[in-house]
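Per our numbering, the very first residue in the sequence shown carries number 25; after that it's consecutive.
If you are wondering where the hints come from, they were derived from the structure by calculation, not from laboratory data. Be aware that a few hints might be false.
What the hints assert, rightly or not - Restraint-style ranges between C-beta atoms, simulated for each label pair:
id, residue 1, residue 2, range
1, Leu-70, Leu-421, 16 to 26 angstroms
2, Gly-128, Tyr-242, 22 to 32 angstroms
3, Val-320, Gly-237, 23 to 33 angstroms
4, Tyr-272, Pro-58, 23 to 33 angstroms
5, Arg-352, Val-383, 18 to 28 angstroms
6, Glu-178, Gln-210, 47 to 57 angstroms
7, Leu-40, Ile-314, 36 to 46 angstroms
Just so it is clear, CB atoms sit at the ideal spot from N, CA and C, and this is done for glycine as well.
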Amino acid sequence: MIDLSLLLAAMLAQNLDQRGFIENQSLLYPQAAPNDSGRVVNATLLRWEAAYTITQWLKVSGALDARTDSHRQVERKFRLDADDRSVQRPAFSLRRISATLHKGSFTAEIGRQFIRWGKADILNPTDRFAPRDYLSSVVDSDFLGVSAARLTYEWRGDTIDLVWQPWFTPSRTPLINQRWTVVPPQAQGVTIADLGARYPGGSQYGARWNHIGAGYEYSLCFFDGFNNLPLFSLTFDPAKLAAGVQRYYPTLRLYGADAAVPLRWLTVKGEAAYFTSSTPDTDEYVLYVIQLERQVKEWSFVGGYAGEAVTHTAGNPLRFAPDRGYARSFVGRAGLTIDANRSLALEAAVRAAGSFVRVEYSQAFGQHWRATAALAWIRGDMTDFLGQYRRNSYASLAFRYSF
């Protein structure tokens, strides 16, 4: 009996891959914001990921997050969240839970997962199944998983990707009473309440075809569903000097394409998408990115332009749209791998009336520890998307223990 138990444990260990980390990050803001006097924010995250191979054609993957912070960006509730619809980050969340089936040229994944489309490195207009968490930073966000069924077919140089998402997952927006929500000067003195969100019903679906040729690669995609970035409806009571804002998510139909062409000295990449909607007060527009990429020994360079062309203006200025905010900008990124333990990175976005620069240094200590220090500098006019966050320049320091 004991031998059988040991054999079973050994078999399970051979088929189970697991890893995780615990990270503590501190952010220092030199300036206070009109709606947020806090200048020091501390956040702690514990993440555990596991994958169990049941057979050669079936694997189950999962990930759990547990977190807390000093700035009330994380809920103080003991519950396991699985849909990321809360205004604050959940203290405990099911980051991923999915089953992957692979047979021949077909791969299917069902459950909560991460789906990324597009080839550009700076801005991805076609990346519609990838909501983000902007709660603590608009310039440095993390991706959220979605509950979906995904079928991929690969044959020689062609890949067909079909996605069905029955449950809508929005991007998480900054809290109204914190610095990444910029209150206009004319609203100073007005009490603003968060009236929650109107989430759309119905499912989302999309398809993408990717082709790899001799010296080039391109793809075409289609998406029908909802924008994960919200518009806002506003109510105002002048007698009480009180306002309420509610998030709602317009319909979205998207047609997109991307391409990559490796040349002798560099790689040229492009990505574009046309956004159209049946929601009356929603703009219709094209977002596109053209970038050049080059690798020189330990250095990597990416630079290009993110643009926008509006084809129909609906007139609702109350929106949260970082993807459009980064448009009409020259954007770039440079990275240096100093050695096996140390790296340096710089990223920047420059617009006519705003700019953002971030420098990051990371160093590993042994097999388990890593420290990362960063400085972010934001400047510009209050009327500019980046410039409105000019009080949010920050320094950060993170320590991570991986296991």
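Quick rundown of the hints versus the structure:
{"no.": "1", "hint": "Leu-70 to Leu-421: 16 to 26 angstroms", "verdict": "holds (18 angstroms)"}
{"no.": "2", "hint": "Gly-128 to Tyr-242: 22 to 32 angstroms", "verdict": "holds (25 angstroms)"}
{"no.": "3", "hint": "Val-320 to Gly-237: 23 to 33 angstroms", "verdict": "holds (26 angstroms)"}
{"no.": "4", "hint": "Tyr-272 to Pro-58: 23 to 33 angstroms", "verdict": "holds (26 angstroms)"}
{"no.": "5", "hint": "Arg-352 to Val-383: 18 to 28 angstroms", "verdict": "holds (24 angstroms)"}
{"no.": "6", "hint": "Glu-178 to Gln-210: 47 to 57 angstroms", "verdict": "holds (55 angstroms)"}
{"no.": "7", "hint": "Leu-40 to Ile-314: 36 to 46 angstroms", "verdict": "holds (44 angstroms)"}
Consistency note: the structure conflicts with none of the earlier hints.
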